[in-house]
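Student: Here are the chains, one letter per residue:
4 protein chains.
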Amino acid sequence: MSVYRLLISCPDTHGLVAIVSQFILEFNGNIKEAHHHLDEQNQHFFMRIEIESNSISCSLDEFRAAFLIVAERCNMVWRLSDAAQLKRVLIMGSNASHCVADLLHRGHEDELEGQIVGVLSNHDKLSKLASWYDVAFEKVSIAKATKEADMTEMMQAVDRFNPDVIVLARYMQIIPEEMCAKYSGNIINIHHSFLPSFVGANPYARAAERGVKLIGATCHYVTANLDEGPIIEQDVVRVDHGDSADDMKKMGQDVEKITLAKGLQYHLEDRVLVCNNKTIVFS
Amino acid sequence: MSVYRLLISCPDTHGLVAIVSQFILEFNGNIKEAHHHLDEQNQHFFMRIEIESNSISCSLDEFRAAFLIVAERCNMVWRLSDAAQLKRVLIMGSNASHCVADLLHRGHEDELEGQIVGVLSNHDKLSKLASWYDVAFEKVSIAKATKEADMTEMMQAVDRFNPDVIVLARYMQIIPEEMCAKYSGNIINIHHSFLPSFVGANPYARAAERGVKLIGATCHYVTANLDEGPIIEQDVVRVDHGDSADDMKKMGQDVEKITLAKGLQYHLEDRVLVCNNKTIVFS
Amino acid sequence: MSVYRLLISCPDTHGLVAIVSQFILEFNGNIKEAHHHLDEQNQHFFMRIEIESNSISCSLDEFRAAFLIVAERCNMVWRLSDAAQLKRVLIMGSNASHCVADLLHRGHEDELEGQIVGVLSNHDKLSKLASWYDVAFEKVSIAKATKEADMTEMMQAVDRFNPDVIVLARYMQIIPEEMCAKYSGNIINIHHSFLPSFVGANPYARAAERGVKLIGATCHYVTANLDEGPIIEQDVVRVDHGDSADDMKKMGQDVEKITLAKGLQYHLEDRVLVCNNKTIVFS
Amino acid sequence: MSVYRLLISCPDTHGLVAIVSQFILEFNGNIKEAHHHLDEQNQHFFMRIEIESNSISCSLDEFRAAFLIVAERCNMVWRLSDAAQLKRVLIMGSNASHCVADLLHRGHEDELEGQIVGVLSNHDKLSKLASWYDVAFEKVSIAKATKEADMTEMMQAVDRFNPDVIVLARYMQIIPEEMCAKYSGNIINIHHSFLPSFVGANPYARAAERGVKLIGATCHYVTANLDEGPIIEQDVVRVDHGDSADDMKKMGQDVEKITLAKGLQYHLEDRVLVCNNKTIVFS
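Residue numbers (this note's numbering), protein chains in the order written: chain A, 4 to 286; chain B, 4 to 286; chain C, 4 to 286; chain D, 4 to 286.
No lab work stands behind these hints, which were simulated from the structure alone.
Predicted model only: the values in this text are computed from it and were never measured.
You may find that some hints are simply not true.
Same chains, same label: a pair holds when it works inside one copy or across any pair of copies.
Heads up, simulated DSS-like pairs for lysine-lysine below, C-alpha to C-alpha not over 27 Å straight-line [claimed, not checked]:
1) 252 / 35
2) 253 / 35
3) 252 / 90
4) 150 / 90
5) 265 / 253
6) 128 / 281
7) 253 / 90
8) 147 / 185
9) 150 / 253
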């Protein structure tokens, strides 16, 4: 049963749910799932509605055009997507392979609501893995001396993949502001710590140094402010004094790959709305 | 900001959300929070809507009377409650005090959306604790030889408290079918295992015997089938070979009290719907 | 820094730690890590000691021969292994690939303290995955009509791999008693439920049916009693009413693969002792 | 079965375990439980040994005197305590009562290996709770204008209780350096965030602001560097976009009280060693 997904974010006003559900009913639409959330502090309302595609009495374009009028009246930020149109996913990695291998395997087993269109890396190591899974691989080296030119080349490579969403699967390079802006809300990173703890580099070494009893991973949208973007998902695992920074790194890799896959899946299913650098995740 | 809570369960049909939200809008009601769930397998629809009380243009009784017509048309099982009317909570315990003390403290600190009206026990031990918190205490002994008469007396004592919800905080006696039926959907038990593991008595001893690596607790509604009622909430804690059955009992007590408080709170906030011996918890 | 691992299980007696540590000191051995556990109920003592290999003043065989005398005096069940000798791991799977892919990737990245020597399956599906990772693949079909003969053939195939440990990565066939006995303590299974809940088939469907709020996975040694062997590791993940049996299956797969990898790693590092159908895991 | 607990921290050297276990054997001591840990980076060794008290062939003082010679030879920092001598616990609180009530209840039920000797607060609110549990209560107000004098008075009050361990159960005042030094390693604080996230004030508000998906609590030793002391125990709980800072505060209180009780219990059972601002917890 295929569905359309309607995501809405707007100032709270009287009768919003009635207006939207009435609109859907006029087109004979059948609501399969609906989530609402009122942010009381900001008096902002959020909705996610799944409508059975074939219950709608017109084309998606006509339905979208008709909703535009409602949306403008209520000052909505909104999007309407067809779940049958899989999002194009570009994976960017470096040398670490645990997240990339996990995503490729999920893609191969049709567990992701998306289509992995390529792996882009600044190193060769992931090439063999990508080819195993019949996924296009491209390498763009990033050197200190030629960073600006390299980054431009990288961004051109990204564009050639024409991705809907870009997954930084331990890419380890800072994304240029220009690219952050262009793909705003569509770049997902996995940070190998429980943010905001240990922002920046070498979080496991610093976690071991600080003697924390839990380590974690954070899946978040990338913004121009490093490690400060809206958090989609986090998880932790217990460690103890017997675990070195290296042990934590190994244990953390399992949390990283699961957390990244979960966050990406939420995004692919259009379950995430962003507001004031926070996410609403209708899971 | 006080709210009315509308809970609905009915066969799925076209336009349900529109019908209900349109109805609320006609009375000028402002929806603060709404949850929907479609059970696809059974084609059954569930809704929970919080409406700002003072946005409604008539009395609660008039609003309820008007909704009755909608409800009958759609074959709804429903209830409409006023959050300002706190539910009356009766705690039933035995000798173990961890859950009872925790609930009484939450009640005392106004952390429960309910009013604790009494503690009923088959032993004296909890009496002092109840009196500390200025909560009425009543004891009805249960003896093997006179069980039937004792149970009748117990049920009369329960009725005198006129409770909306009865919490079995490690009461350790099997509740008569008659009482299960009378307070159906309003008796909450905490079972000291991760059900359906270790149904019945001495779960910690059996968990230690089986060598499990996690133990847990289960908060569920009581039905005539012992330990088989709908599960509201569960949680677990990690144990290892160094933990004896006694250690597990101690560690489990923390999980029990937190899980019971959480499940009770869901019930008090009208977040739980029951269907086919399962719960829908709109948390 | 390579180590020998000495694992001991024996009736508790006076001065055990002194006897063993004195013995090691006589051979100039340097203890890197030591764990002790007294099972008070059974008055049984368990030890695991890591000794720096090159601190020992003789060969492993001489050291082993010398310890035999101590061991017999104290009635010890014991083993002494060289961590540098990687255990030979045979993976047995069926159609589901999540656990197999995860283990193969860990093997490939040198994250397992073992050497994966083959994948054995009753289906073809895992063949490509094994060949990607340059691991030998063998198929032995199991048909209802010819089960006995097929099982014999399967056991011969297993033997040809000469495995130290056999991992049932969702193999889905009941292992013959003969094989359970032959590889006793060296067959590891992942059960897709939080045992002892939902022993047997289709645990996710039954978990959905029962309406549990957490689902889990159990890594355990295989014995002739199906799903009753000693538990090595367990973990859980939270689910809710919105999750169907299929959703639970997907969510559970992540728990399965992590839990299996963790349990296997404990075994490969000689961290597990079995006593009375329970494990002592010196993690 | 009463035990002595021997805790040792010293530079790693050859035969340490043999030396110590041999020493214990000479006094006929029976080892009930032993933990060892080698910090490889710092080449430092840690031991915790439980010895059955009545197996020792001399008095505790004689045993201690004899061990002194061993300890000096090996450059040990060490302590030897008798579990039968309960540590004196002073609880310091402010207005929040969840942690204090939980600790008092555990004390009352003999679940703590310690004796609660008093509650000290800068407010009146906890007075009734303390008197319910028959625990001495003392109030020392802390005012901005007279802070220095008030703190001196507070420290005198603390001293009068002659505590072995001081528990800051949400005391909300910065402890003077002088007191940190005097009771070094014996002041335990519960911080209401998952340190090092949200060091300082109002962590729940800042967690809500940052949009994290898990919140936590940290039990740590107090040092002169605020919120920087060695971490004993941490735990987390899942939150989502629907949880306001107030909701997080409520949910966090359960994590706080459990985490504090767990950390305190480790301390009372002499399971914690501190090294380089980190803890070794032999749990």
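Student: All hints are to be evaluated individually against the structure, with a verdict given for each.
Tutor: Status of each hint after checking the structure:
{"no.": "1", "hint": "252 / 35", "verdict": "between (42 Å within a copy, 21 Å between copies)"}
{"no.": "2", "hint": "253 / 35", "verdict": "between (41 Å within a copy, 21 Å between copies)"}
{"no.": "3", "hint": "252 / 90", "verdict": "between (31 Å within a copy, 23 Å between copies)"}
{"no.": "4", "hint": "150 / 90", "verdict": "neither (30 Å within a copy, 45 Å between copies)"}
{"no.": "5", "hint": "265 / 253", "verdict": "both (19 Å within a copy, 11 Å between copies)"}
{"no.": "6", "hint": "128 / 281", "verdict": "neither (35 Å within a copy, 37 Å between copies)"}
{"no.": "7", "hint": "253 / 90", "verdict": "between (31 Å within a copy, 20 Å between copies)"}
{"no.": "8", "hint": "147 / 185", "verdict": "within (24 Å within a copy, 52 Å between copies)"}
{"no.": "9", "hint": "150 / 253", "verdict": "neither (30 Å within a copy, 41 Å between copies)"}
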